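The listed protein sequences derive, respectively, from chains A and B. In terms of my numbering, the first sequence opens at residue 1 and continues consecutively. In terms of my numbering, the second sequence opens at residue 1 and continues consecutively.
FYI, nobody ran anything at the bench for these hints, they're computed from the structure. Check each hint, because a few of them may be wrong.
DSSO-like, lysine-lysine: derived pairs with alpha carbons at most 27 Å apart [stated by the list, open to error]:
(1) LYS3(B) - LYS54(A)
(2) LYS56(A) - LYS68(A)
(3) LYS55(B) - LYS71(B)
(4) LYS55(B) - LYS99(A)
(5) LYS68(A) - LYS54(A)
(6) LYS99(A) - LYS3(B)
(7) LYS71(B) - LYS99(A)
(8) LYS99(A) - LYS54(A)
(9) LYS55(B) - LYS70(B)
(10) LYS70(B) - LYS99(A)
(11) LYS57(B) - LYS99(A)
(12) LYS70(B) - LYS5(A)
Note that the structure is predicted; figures quoted are calculated from it, not measured.
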Amino acid sequence: DQQVKQNSPSLSVQEGRISILNCDYTNSMFDYFLWYKKYPAEGPTFLISISSIKDKNEDGRFTVFLNKSAKHLSLHIVPSQPGDSAVYFCAASVNGDYKLSFGAGTTVTVRA
Amino acid sequence: DVKVTQSSRYLVKRTGEKVFLECVQDMDHENMFWYRQDPGLGLRLIYFSYDVKMKEKGDIPEGYSVSREKKERFSLILESASTNQTSMYLCASSLTSRMGNEQFFGPGTRLTVL
Numbered sequence: 001d002q003q004v005k006q007n008s009p010s011l012s013v014q015e016g017r018i019s020i021l022n023c024d025y026t027n028s029m030f031d032y033f034l035w036y037k038k039y040p041a042e043g044p045t046f047l048i049s050i051s052s053i054k055d056k057n058e059d060g061r062f063t064v065f066l067n068k069s070a071k072h073l074s075l076h077i078v079p080s081q082p083g084d085s086a087v088y089f090c091a092a093s094v095n096g097d098y099k100l101s102f103g104a105g106t107t108v109t110v111r112a
Numbered sequence: 001d002v003k004v005t006q007s008s009r010y011l012v013k014r015t016g017e018k019v020f021l022e023c024v025q026d027m028d029h030e031n032m033f034w035y036r037q038d039p040g041l042g043l044r045l046i047y048f049s050y051d052v053k054m055k056e057k058g059d060i061p062e063g064y065s066v067s068r069e070k071k072e073r074f075s076l077i078l079e080s081a082s083t084n085q086t087s088m089y090l091c092a093s094s095l096t097s098r099m100g101n102e103q104f105f106g107p108g109t110r111l112t113v114l
């Protein structure tokens, strides 16, 4: 039973516009959330994270929002660039547990 | 920079063969993980290890075993490969003390079982 869900398998956005990726989770014990980016034939690389004590974290063009009551987080990429075309995975963890639970991923395509 | 390396990028094996996938990390991380990535299913944890000679089952351990004889090396073993084990295999490592359990991934091994 997947505890982290990314219900949109794909997203297409024009260069310069905003990309919004969504992630829902079911386990209320999760208290740390991460986004990973993956290019084909490469391993995932860490992008940005947020602790449950915050509702927003920003790093350059990337912002993650957390809504704990809705068990929902989103990743905003502004402005989108062609190099952002990749698969994005949402992940969650419980403090003290080594494991991460991953979503199925969203493939983002940025059109020129 | 943390570096996680995997022994092969691409591997083709026959049904019933014993397969070894090797992973090495160079940052003295305590924790190491093996995942498989399949379309529509994301990353699923097979096994992980939090110390030398220690291992725990993940979500899908059936058909796999692991070995961690040295801190930097974590091996995934397919005792008798089957076609449903055709997948992308990803190794990762992390520091116990690092908040949020951020994991660092290797480039992956694309395994095809014929």
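Right, here's what the structure says about each hint:
A threshold of 27 Å between alpha carbons decides the hint, and for LYS3(B) with LYS54(A) the separation of about 30 Å lies outside it, so the pair is violated. Under the criterion of a C-alpha separation no larger than 27 Å, the hint pairing LYS56(A) with LYS68(A) is consistent with the structure, at around 11 Å. Restraint check: the Cα-Cα separation between LYS55(B) and LYS71(B) comes to about 12 Å, which is no more than 27 Å; the hinted pair holds. Of the supplied pair hints, the one linking LYS55(B) and LYS99(A) holds, its CA atoms being roughly 13 Å apart against a limit of 27 Å.
Taken as a hint, the LYS68(A) and LYS54(A) pair is honoured in the structure, with Cα atoms around 10 Å apart against an allowance of 27 Å. At most 27 Å may separate the alpha-carbon atoms for a hinted pair to count; LYS99(A) and LYS3(B) meet this at roughly 19 Å. Pair hint LYS71(B) plus LYS99(A) holds up; C-alpha atoms about 18 Å apart against a cutoff of 27 Å. Under the criterion of a C-alpha separation no larger than 27 Å, the hint pairing LYS99(A) with LYS54(A) is consistent with the structure, at around 21 Å.
Of the pairs offered as hints, the one joining LYS55(B) and LYS70(B) holds, with about 12 Å between alpha carbons and a cut-off of 27 Å not exceeded. This hinted pair checks out: LYS70(B) and LYS99(A) have alpha carbons roughly 20 Å apart, not beyond 27 Å. Proximity of LYS57(B) to LYS99(A) is assessed by CA-CA distance (about 11 Å); at most 27 Å being required, the pair is judged to hold. At roughly 35 Å between alpha-carbon atoms, LYS70(B) and LYS5(A) are farther apart than 27 Å, so this suggested pair is violated.
Hints 1, 12, counting from the list given before, are not met by this structure.
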